[in-house]
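Enquirer: So the protein lines, in turn, are chains E and P. One point on numbering: in my numbering, the residue at position 44 of the first sequence is 44, and numbering is uninterrupted. One point on numbering: in my numbering, the residue at position 165 of the second sequence is 165, and numbering is uninterrupted.
Rather than coming from a laboratory, the hints here were simulated on the basis of the structure. Wrong hints could be hidden among the right ones.
Subject to a maximum C-alpha distance of 25 Å in a straight line, what follows is the list of computed DMTMM-like cross-link-like pairs (lysine to aspartate or glutamate) [what the hints assert, rightly or not]:
id : chain 1 : residue 1 : chain 2 : residue 2
1  : P       : K271      : E       : E187
2  : P       : K485      : P       : E527
3  : P       : K271      : E       : D131
4  : P       : K271      : E       : D93
Label-pair ranges, simulated between beta-carbon atoms [unchecked claim]:
id : chain 1 : residue 1 : chain 2 : residue 2 : range
5  : E       : M182      : P       : E239      : 21 to 27 Å
6  : P       : Q809      : E       : A189      : 43 to 49 Å
7  : P       : E239      : E       : T13       : 40 to 46 Å
8  : E       : P98       : P       : N264      : 52 to 58 Å
9  : P       : D727      : E       : M182      : 26 to 32 Å
10 : E       : A10       : P       : P416      : 54 to 60 Å
11 : E       : P129      : P       : L889      : 38 to 44 Å
Using N, Cα and C, we set each Cβ at its ideal position, and we do this for glycine too.
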Amino acid sequence: MARSPVRPAAPVTRRGNWEVSARRSSATLRLADLSPLAKVQVRSRSQTEDVMGVPFGRAERDGPGYLVIGEGPGVWLALGPSGRELAMRAQFDAVGGPSFTTVTDLTHGYALGRLTGEQARAVLSKLCPVDLSARNAPNGAVFRTLFAGLVACLVRDDVDGALSYLCYCERSSGQYLFDVIMDAGGEFAIDADGYPGTEI
Amino acid sequence: MVTIARARNSTRDMRAGRRPGELIDRATSLGFTWNGRRYSGFQGDTIVSALAASGEKFFSRSFKYHRPRGILTANFHDPNCIVQVDDEPNVRAAHRRLRGGMTVKAQNVWPSLAWDIAAVNGAFPRFLSAGFYYKTFIKPQRLWPAYERVLQHFAPGGRLPASSAGGEYDKRYAHPDVLVAGGGPAGMAAALAAAEAGASVMLVEEEYELGGHLRYGRAGELALLADLRRAVAEQDGVEVLLNSVVTGRYDDNWVGVLQRELPNAGERLIKARAKMLVVAPGLIERPYVFEGNDLPGVMLSTAARRLVNLYAVKPGQRAVVFTGNDDGIAAAEDLGDIGTEVLRVVDARRGEGVRRAIGRGQVSGVELDGGTELACDLLVTSVGWTAPTSLLNMSGDIPRYDERAARFVPGRSAQPNVMATGGIVGDGSADELVSHGRAVGAAAAARAHGGNETGAPELVPRPHPALFRASTHGFVDFSEDVSSKDIFSAAQEGYDSAELAKRYTTATMGPGQGKLETVNTVAVLAEATGRTIAETGTTVWRPPYVPISLGALAGRLHAPVRYSPMQPWHEARGAVPLVAGQWVRPEHYGDPGAEVRNVREKVGIIDVTPLGKLDLRGPDVPKLLNLLYVNKWSKLEVGSVRYGVMCAEDGVVLDDGVTGRLGEDHYLMSTTSSGAGAVWEWLENWLQCSYPDWLVHVTQMTTAYASINIAGPSSRHLLGRLVSDVDLSPEAFPYMHVRTGSVAGVPDCYMWRIGFTGELSYEIHVPAGFGLYVWERLLAAGGDLGVGAFGVEAQRIMRLEKGHMIVAQDTDGLTEAFSAGLEWLVKLDKPDFIGKPELVFEHEKGPGSKLVGLQPVDPGVVPAEGSQILTDDRVIAGRVTSSRMSPTLGRSVCLGFVIAELASPGSVVTVHLPDGNDVAATVMPQLAHFDPEGARLRG
Numbered sequence: 001m002a003r004s005p006v007r008p009a010a011p012v013t014r015r016g017n018w019e020v021s022a023r024r025s026s027a028t029l030r031l032a033d034l035s036p037l038a039k040v041q042v043r044s045r046s047q048t049e050d051v052m053g054v055p056f057g058r059a060e061r062d063g064p065g066y067l068v069i070g071e072g073p074g075v076w077l078a079l080g081p082s083g084r085e086l087a088m089r090a091q092f093d094a095v096g097g098p099s100f101t102t103v104t105d106l107t108h109g110y111a112l113g114r115l116t117g118e119q120a121r122a123v124l125s126k127l128c129p130v131d132l133s134a135r136n137a138p139n140g141a142v143f144r145t146l147f148a149g150l151v152a153c154l155v156r157d158d159v160d161g162a163l164s165y166l167c168y169c170e171r172s173s174g175q176y177l178f179d180v181i182m183d184a185g186g187e188f189a190i191d192a193d194g195y196p197g198t199e200i
Numbered sequence: 001m002v003t004i005a006r007a008r009n010s011t012r013d014m015r016a017g018r019r020p021g022e023l024i025d026r027a028t029s030l031g032f033t034w035n036g037r038r039y040s041g042f043q044g045d046t047i048v049s050a051l052a053a054s055g056e057k058f059f060s061r062s063f064k065y066h067r068p069r070g071i072l073t074a075n076f077h078d079p080n081c082i083v084q085v086d087d088e089p090n091v092r093a094a095h096r097r098l099r100g101g102m103t104v105k106a107q108n109v110w111p112s113l114a115w116d117i118a119a120v121n122g123a124f125p126r127f128l129s130a131g132f133y134y135k136t137f138i139k140p141q142r143l144w145p146a147y148e149r150v151l152q153h154f155a156p157g158g159r160l161p162a163s164s165a166g167g168e169y170d171k172r173y174a175h176p177d178v179l180v181a182g183g184g185p186a187g188m189a190a191a192l193a194a195a196e197a198g199a200s201v202m203l204v205e206e207e208y209e210l211g212g213h214l215r216y217g218r219a220g221e222l223a224l225l226a227d228l229r230r231a232v233a234e235q236d237g238v239e240v241l242l243n244s245v246v247t248g249r250y251d252d253n254w255v256g257v258l259q260r261e262l263p264n265a266g267e268r269l270i271k272a273r274a275k276m277l278v279v280a281p282g283l284i285e286r287p288y289v290f291e292g293n294d295l296p297g298v299m300l301s302t303a304a305r306r307l308v309n310l311y312a313v314k315p316g317q318r319a320v321v322f323t324g325n326d327d328g329i330a331a332a333e334d335l336g337d338i339g340t341e342v343l344r345v346v347d348a349r350r351g352e353g354v355r356r357a358i359g360r361g362q363v364s365g366v367e368l369d370g371g372t373e374l375a376c377d378l379l380v381t382s383v384g385w386t387a388p389t390s391l392l393n394m395s396g397d398i399p400r401y402d403e404r405a406a407r408f409v410p411g412r413s414a415q416p417n418v419m420a421t422g423g424i425v426g427d428g429s430a431d432e433l434v435s436h437g438r439a440v441g442a443a444a445a446a447r448a449h450g451g452n453e454t455g456a457p458e459l460v461p462r463p464h465p466a467l468f469r470a471s472t473h474g475f476v477d478f479s480e481d482v483s484s485k486d487i488f489s490a491a492q493e494g495y496d497s498a499e500l501a502k503r504y505t506t507a508t509m510g511p512g513q514g515k516l517e518t519v520n521t522v523a524v525l526a527e528a529t530g531r532t533i534a535e536t537g538t539t540v541w542r543p544p545y546v547p548i549s550l551g552a553l554a555g556r557l558h559a560p561v562r563y564s565p566m567q568p569w570h571e572a573r574g575a576v577p578l579v580a581g582q583w584v585r586p587e588h589y590g591d592p593g594a595e596v597r598n599v600r601e602k603v604g605i606i607d608v609t610p611l612g613k614l615d616l617r618g619p620d621v622p623k624l625l626n627l628l629y630v631n632k633w634s635k636l637e638v639g640s641v642r643y644g645v646m647c648a649e650d651g652v653v654l655d656d657g658v659t660g661r662l663g664e665d666h667y668l669m670s671t672t673s674s675g676a677g678a679v680w681e682w683l684e685n686w687l688q689c690s691y692p693d694w695l696v697h698v699t700q701m702t703t704a705y706a707s708i709n710i711a712g713p714s715s716r717h718l719l720g721r722l723v724s725d726v727d728l729s730p731e732a733f734p735y736m737h738v739r740t741g742s743v744a745g746v747p748d749c750y751m752w753r754i755g756f757t758g759e760l761s762y763e764i765h766v767p768a769g770f771g772l773y774v775w776e777r778l779l780a781a782g783g784d785l786g787v788g789a790f791g792v793e794a795q796r797i798m799r800l801e802k803g804h805m806i807v808a809q810d811t812d813g814l815t816e817a818f819s820a821g822l823e824w825l826v827k828l829d830k831p832d833f834i835g836k837p838e839l840v841f842e843h844e845k846g847p848g849s850k851l852v853g854l855q856p857v858d859p860g861v862v863p864a865e866g867s868q869i870l871t872d873d874r875v876i877a878g879r880v881t882s883s884r885m886s887p888t889l890g891r892s893v894c895l896g897f898v899i900a901e902l903a904s905p906g907s908v909v910t911v912h913l914p915d916g917n918d919v920a921a922t923v924m925p926q927l928a929h930f931d932p933e934g935a936r937l938r939g
């Protein structure tokens, strides 16, 4: 059985190979642990967006429903349903064509959380120095930033029109990442939410 | 000694009838104590307004002379109303809102505020005159420690109890288009206009409510205030921060904002990057310098108006008002409205003046120019204004003196992303201030977004009589007890520039930071030197605008921590934690010696997840490895592992580890735990900056895998119980090889046959999510083999027994590869590698010192790491870098650096212990103390 780096909020259940939280929060500001999602990195010498169809600094959903994050020049991270990492690797192996391209499974390499709610921006403004205003960070914006002393990636990925951010960092700092977000969100009545399902 | 007891008036109710703009909620009474005595006030009172309503007039003793002090400004900047509240020192009591249950005490008094022994200082003013710090306590020098102990008792400020829980502090970032510093009429109007133009606005106000001077104004001003507040509340895009202050402006409009008294934190520092900064702090009323100007009962007109109109407090029974403007007249009218008898309005515009305030402990009368004396308990002064130009100063502006208005005004040379509005610019009616604010706000929004600006209406300072000092001397700086006489003395002693006089006398250097004091200091200095104020100039105002607590600057403690997937198991087994960089690791589980014996005799497992792991892919990886490592890599076969050492350009050892070839173009590099991040950056730096054409992708995988080392004679047996798709036999999987397979059913695990402990061992790297699962399966599967977990300490002991060095422990920032005993590894016949030129040089001249194995002659002595190694002449010849008692050998073992002359095997060196004793130690033939042939490792 695989475990997330983040202690799951009770009650705990099992989804596929993963131990996850089955908690359902109705709070207006929620933090959920999405670490079990498949995470596959694609790197290509060709730095054009043609390789994955997404430019650096943006995140977009592709045909199969993966969220493709342009996290650096010639570097993408694709998020997909939990357990799909092998299929994703196989799919991405050919995307680079003749360009030098590598595909690496980082499912276990990152802790991944989703912060949802109108106060999400206020919470994040206590932790990272990026200008998160709608003008500077519209839906789909991607930032690599210092986050409470930690290097992390922020992706604005609204859910059904509600303000929402994905945040990921190296797995070993996952618990710390969640702890600082919960601490910063205390004044806004943040609540821990459970694993929402296999889809991103 | 002046005591305040005789003038005490504390039982009198000084609360006036209801005022139109009052902030107090008369339905909510709050109890608190002041110097141990019970008082009550209303919700909305400040601490001082509540005390003043109860008839109290004395709130502090002055810094040097311990003179009794009362209300001067009745706001945050009041230098005389700084108190201790509960365990919080230095609270601005004329600003801080009253809270039920507060324990409020006077600071820096002994034994009490009323009877303060240090008030005796007032009898010897000549010993405490300007610059006395620089003239006294110099000789004899040996007595300075005694002086210091005594002087510490006189340090101003409250006391932070050792038992204090400390405060909660917070931090936040903000990126407003327009940040408006000051929420008076002009500031509110600027914020509104900017927001209406589409700008995001942060409006920062020092008080608990918006409004500035409108708050204590007349009916028309209160109506305008209500309209402005309503408009701000309804306007989208304006974030209002009350009880907050802009602390400073830095390059590119980086603006610090301090928020106070938040629900979740005592203070929060906001780091704002504003496209435009609008400075709208209004004006600060200036005190007048005359004899007795610090007596309780002497206050500014704005203080009187705040007390009367915001808190419905009568500042006195019989008042004299000295004014040079209409604000003093308004104060006199306010006082009259609440029943204070205004004996006389002394108007400087008619050539009248005040000579001195009379009284002991508080005002009992006033002597006017010409000698007339009036008996009163309140003297209100209104002699002019100071434009608080500090934020403009910080933006490059140099204020200029406007002689007609008798005040400094902005020099209009601030950066283009900084603008000013309101009283700081000039005078006008409330409507004129609003008009100016709106124009500046709209212009700021346009400038922020690159739009077209329209001009602002003129706002010109009105003429005002130059009123700085009477014919008598008085205090210039109430915080530091600096008088006009002190300024004259400083000038006579040659400190005739404003900056020098400031530092010599400490005028403007107290908690007020010059807001009340700077202009009077300059004016008195100008008078003393015979120059004009314009010629004298002003001092430079630097951040912070107000004192900031260290806690607020530190903010929330954000110290990232890293955990392995097996951390819950370690915690549950009571492992002693070891903090190594950001990682928390198990140092041991109770008995590291027993853990060593278990590994040497049976089998143990250790969590080595922090080991750096870099995934290298591409056809040019061998080129990269040959560049970085000092040894050769071109012929590493798939499935093989090789040890390597990296050096910097200066030949100094940077890191070490093993790299395995997993596939044709696929490698996995391991680094030291502490070097994982630095080596990654090192690789990327060379690839991106020097060899961008090489086809190599480096991916940080350190925490993508949980890493477990299985060590001991039974390690093969144990691992074999969980691995079915890899042949673990020594023939099929020999030492220094790598395989990929499943462990406990978890696929895609890497297995290395290497050994840091010197035992037969396997290092397995498991997808991190499965780390705890595999760890527990290993322990369950090996119960009959005696498997046990071992911690970092046992590992350190075993690697020392085996003579394996640790980079950065057994090397330092000067250790080149040959000094580290790596001559067997360095291949100078390679065409090139990083550090080669320096290593060629070191090879030719020979290393100055060398890492060697050492064994103390007395096997029971373990020299402390860092112990010096001495020559016979007791010259330092090296040091012990690692030392432990070996449970395996039953004796102490060490590694250490010694000079080349002492590095020969069999040499006996002297190790100087920290306790002063010496112990002899023998240099060993090799670094390894245990199994030097490596038979166990290769078994």
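Enquirer: It remains to establish, for every hint, whether it holds in the given structure.
Expert: Results of checking the hints against the structure:
no.: 1; hint: P:K271 to E:E187; result: holds (19 Å)
no.: 2; hint: P:K485 to P:E527; result: holds (11 Å)
no.: 3; hint: P:K271 to E:D131; result: holds (11 Å)
no.: 4; hint: P:K271 to E:D93; result: violated (44 Å)
no.: 5; hint: E:M182 to P:E239: 21 to 27 Å; result: holds (24 Å)
no.: 6; hint: P:Q809 to E:A189: 43 to 49 Å; result: holds (48 Å)
no.: 7; hint: P:E239 to E:T13: 40 to 46 Å; result: holds (41 Å)
no.: 8; hint: E:P98 to P:N264: 52 to 58 Å; result: holds (56 Å)
no.: 9; hint: P:D727 to E:M182: 26 to 32 Å; result: violated (48 Å)
no.: 10; hint: E:A10 to P:P416: 54 to 60 Å; result: holds (57 Å)
no.: 11; hint: E:P129 to P:L889: 38 to 44 Å; result: violated (54 Å)
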